[in-house]
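Please build the complete structure, drawing on both the sequences and the hints.
Given next are the chains, with one letter for each unit.
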Amino acid sequence: MSADVVVLGAGIEGLCAALTLARARRAVTVLEARANIGGSAAREEFHPGFHTSGLNPDASLVRREWFDAMELEAHGLRWRTEEPALLVPHSSGCPLVFRRAPERMDGELPPDEHARLVALDRLCARVAGVLAGLVDEPPPDVAAPSTSELLALAQKALRLRRLGRSEMLALARILPSSAQDWMDDALRMEAARVALTAPALAGTVLGPRAPGTSLFVLLRHALALPEPVGGPSMLVAALQSACVTAGVELRTNAAARSLRVGPRGVEAVELASGEVLACHALLSTLAPAKTLLELVPAGTLVPSVENAVRSFRARGATAVLRLALAAPPRFAGRENDPIEHAVSAPDLVTLERAADCLKYRKLPAQPWVEVRIPSRADPTLAPEGKAVAIVQCHTVPHDLAGEGGWSEATRTRLTQAMLAACERIAPGVGAALLAQELLTPPDIEQRYGTPGGHVYDGELALDQLWLQRPSLALCRYATPIPGLYLGGSGSHPGGPFRGGAGVLSARALLAAG
Amino acid sequence: MKTYDAIVVGGGHNGLVCAAYLAKAGRSVLVLERRHVLGGAAVSEEIFPGFTFSVCSYVVSLLRPWIIRELELPRFGLEMIPLEASFLPLPDGDSLCRWSDPELTRKEVSRFSPKDAEALGEFALAMSKVGRFAKPVIDSPAPDPGSLHPAKLVELLRLGRHFSQAPGDELELRLKLFSMSAVDFLDEWFESPVLKAPMSVSGIIGTMLGVRSPGTAYVLLHHYMGEIDGAFRSWGFSKGGTGGVSNAIANAARHFGAEIRTQGTVKQILIEGGAARGIVLENGDELRARTVVSGCDPRRTFLGLVGKQHLPDEFAADIARYKYRGSSGKVNLALDRMPEFTCRPGNGPHLRGDIAIAPSIDYLERAYDDAKYGDFSARPYLNVVIPSTVDPSVAPPGKHVMSCFVQYAPYHIKEGPEHWPARREAFGEAVIDTLQEYVPDIRGIILHKQVLTPWDLEQEFGLSEGNIFHGELTLEQLAFLRPAAGWARYRTPVANLWLAGSGAHPGGGIMGAPGALCAREMLASGAGR
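Same order as they appear, the protein sequences are chains D and A.
Sequential numbering of the first sequence, starting at 1, is according to the numbering used here.
Sequential numbering of the second sequence, starting at 1, is according to the numbering used here.
Don't read these hints as lab results, they were simulated from the structure.
If you want the ones that stay clear, here's a sample from chain A, every Cβ over 12 Å from chain D, calculated:
(1) R35
(2) E45
(3) V390
(4) A422
Simulated crosslink set (SDA-like; lysine to any residue; CA at most 25 Å straight-line):
(5) A/K129 x D/A473
(6) A/K115 x D/V302
(7) D/K156 x A/L478
(8) D/K156 x A/E172
(9) A/K323 x D/L123
For clarity, every value in this text was computed on a predicted model and none was experimentally measured.
The C-beta atom is built at its ideal place from N, Cα and C for all residues, glycine as well.
Okay, here's the thing in structure tokens:
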């Protein structure tokens with residue numbers, strides 16, 4: 001059996017890569033290990049009648065530019081007109097309902113705090129263009145930058161400089177700093193600080209006092225946009241439809257077992273079933289470790305590349321608790337608001353303490369949770385009147401130390417702790433609980449095939465972004481093996497910037513001819 | 001009344017270096033030091049009769065060889081004694097000692113991990129390469145990316161090329177070094193926690209960060225930059241304590257014609273017509289000068305001696321935002337005899353360097369956690385030296401001084417910094433308790449104990465919030481951002497006022513570089529003539 005280009009993984013990255021390749025007239029075969037299309041973004045029924053819109057419901061940083069360019073409206077993709085507000089508890093009992101656009105925050109903040117938020121928002125807006133440019137382009141080729149690349153870099157530098165000296169220097173000061181420091185300087189209201197910081201820490205293993213966390217706050221605030229209607233799984237559906245129209249062959253239950261590499265590069269992929277599919281090129285959206293250390297035969301890559309992939313840290317730290325509820329949660333102090341997104345932490349210290357336990361590989365004693373209620377925006381996810389809540393705790397160690405590691409007892413403990421955190425901000429959630437499903441980092445590893453169980457195939461950290469995602473030698477999608485490309489969440493931009501890696505890696509493959 | 005060419009406020013080592021260079025160039029210089037003794041935090045004092053304590057700083061690292069040469073410091077009394085060992089006692093009775101001799105080190109480390117022992121050489125080589133790249137950065141003024149001046153842009157471009165022009169693996173190493181945590185970085189080279197714990201800790205000295213905090217890896221370079229300073233072994237003890245360095249610089253300055261006064265407290269910098277014209281002493285006397293140099297930290301200088309009203313708003317905001325957050329304290333002991341470490345008994349060469357109490361990475365992180373939440377570490381990281389083992393001048397025969405650098409001791413304890421005096425005793429006891437776990441009879445041999453909390457460092461030595469570096473050495477406060485964007489070349493917004501202390505580039509430690517580079521800029525601009 002033979003194919004032209006094989007894409008491993010039918011998640012968002014894989015589908016974006018496949019579509020990009022197909023529209024450039026390549027014949028594409030996508031191999032998906034699981035039974036359905038979408039990878040971790042696939043819609044899943046976790047309890048009869050109750051569905052998720054993907055493992056990770058956050059779709060505020062998907063690269064809209066790429067999706068617009070792919071013209072997916074014809075395949076059912078719609079975008080929401082605004083982002084849902086984020087609820088943050090406040091000691092007064094009246095929680096803050098935070099919206100990224102300051103003009104939508106009337107009444108929530110006192111005038112001086114509002115002015116501070118406007119100033120912060122303005123800085124983020126001014127640098128958004130430069131940041132988007134960095135996110136949406138491949139990292140530069142530092143070994144031998146082409147003229148056009150040097151030009152592009154120079155343009156960006158100039159754009160930065162034209163921001164104005166004080167803005168540029170503010171950026172130089174903010175970028176390496178801790179979110180705690182930036183938030184302490186920029187805002188006074190603790191709940192507002194939490195609103196900006198908490199969601200930005202997802203995928204890191206850091207607390208707000210860690211240097212470099214400001215970058216994640218900045219990226220999120222500057223680049224977040226309204227999400228697709230129906231969440232990540234609707235994105236998958238539209239991509240799938242477009243792929244089919246473009247002639248992409250989508251195969252499920254087709255796990256890859258190994259790659260065949262010959263003198264001219266990648267030659268074929270061997271499936272778990274034993275089938276061997278020859279190909280001219282292969283683009284893998286699986287985790288770098290999986291592709292290069294499990295699928296590529298041992299000894300093919302030089303030790304330095306193997307070591308680089310091994311050092312790319314992918315210790316999952318997010319646990320996802322899916323709740324089937326008899327009714328949507330009602331949040332204390334804002335009972336009648338149709339809240340879709342909330343965090344349970346009232347202050348940055350809570351975030352810091354929870355992150356501490358990752359260092360010691362223990363379960364957080366008092367976890368904070370991020371709650372999303374996707375059924376509010378997409379009622380098809382739950383039976384009428386009922387609700388689905390996705391509760392995430394971002395400080396759950398993959399390799400739990402002590403307490404006998406992961407067991408029924410520790411899973412129960414974690415579930416109870418996460419439910420208790422929900423109950424604190426949305427009393428009555430426990431009573432409305434019909435069913436639940438907990439996915440710990442090891443569960444995520446097992447179910448979605450990503451070593452380490454990290455939701456983004458690799459930690460978000462200053463040293464694992466851009467030129468270093470997943471490593472200097474691999475950051476431009478090509479690998480030392482001709483015809484083999486990496487294009488998953490473990491490549492640039494990766495992380496929550498879904499779609500980018502798939503498109504950019506496909507383009508790299510096409511450029512190589 | 002005499003008008004000096006320059007008055008230097010503060011007789012710390014940087015201020016003295018600046019004064020020496022200015023005097024050497026023929027300027028008339030007066031140095032005013034508030035305390036009775038020179039040196040600032042690089043000071044030796046006979047706290048207990050017969051015992052000379054290096055009260056604050058205790059080892060000299062990276063004192064710039066070119067400064068030693070140009071000021072002829074050995075001639076004026078500077079004598080450096082290299083550190084031969086880095087000893088790590090462990091709670092289980094074992095211990096690791098790393099030596100300046102790589103072979104001896106390899107042997108010791110191979111007991112814990114043969115793989116690590118092999119990796120050490122490669123690691124040192126890789127770090128030295130990066131150190132070579134970083135060295136020019138500390139020996140010249142910080143580039144200014146905000147300027148569009150062609151000369152400055154060329155400088156920036158050169159630095160950019162300098163950074164990225166390297167074989168792939170070297171570039172990757174540089175990228176990692178500047179973005180990773182010390183632990184993550186070391187995890188890629190070594191497996192033994194016994195090696196990683198004491199190595200990682202250099203990344204957090206003087207900062208409110210943990211060994212797992214991003215941005216702590218690059219400080220590992222420190223050790224390897226000392227190596228390449230060649231014949232002038234710039235990492236070691238100073239004979240007579242660290243005050244010996246300051247005294248040598250002061251001697252040089254006096255030789256070149258500088259006037260130095262102690263017990264002269266400057267209350268204010270005299271500002272007339274928006275320019276510095278001299279200083280006002282505490283007793284009201286005025287002294288005039290064409291330029292004023294401050295060796296004090298930025299807060300003390302600008303918000304204390306100058307006053308906010310004389311500063312542009314943006315600068316004042318930057319100075320207010322500049323972070324100190326002292327994280328360390330000091331316990332200095334006069335000992336009746338040599339302390340006995342149960343895990344490696346005897347007065348051996350392993351005690352002639354530095355001794356680290358850093359038994360594991362978790363231990364270090366817990367120490368950091370205590371500080372994060374507003375208390376001193378119940379079980380702190382200690383860096384201990386017993387200089388009397390190699391420098392008989394600091395203690396009577398058979399007796400010893402033991403200097404313990406303690407982390408963490410947060411200036412901002414939860415009750416507020418002014419509560420520190422009430423906690424001083426408990427803080428000192430926590431340190432002795434910790435030592436006792438390795439030296440069971442320590443309490444019985446203490447003749448005198450001096451405990452310095454961050455509050456004491458601030459009150460007695462003028463270090464704001466007890467920060468030993470005149471401000472945190474984190475990326476957002478380094479180079480062109482130190483102490484404030486646009487003012488990283490020793491000039492200040494106040495005409496004729498210059499900053500020469502560690503709050504200027506390249507920052508803290510006993511380097512002398514800020515003082516010397518400030519003097520150079522001053523002389524190049526014709527200041528003080």
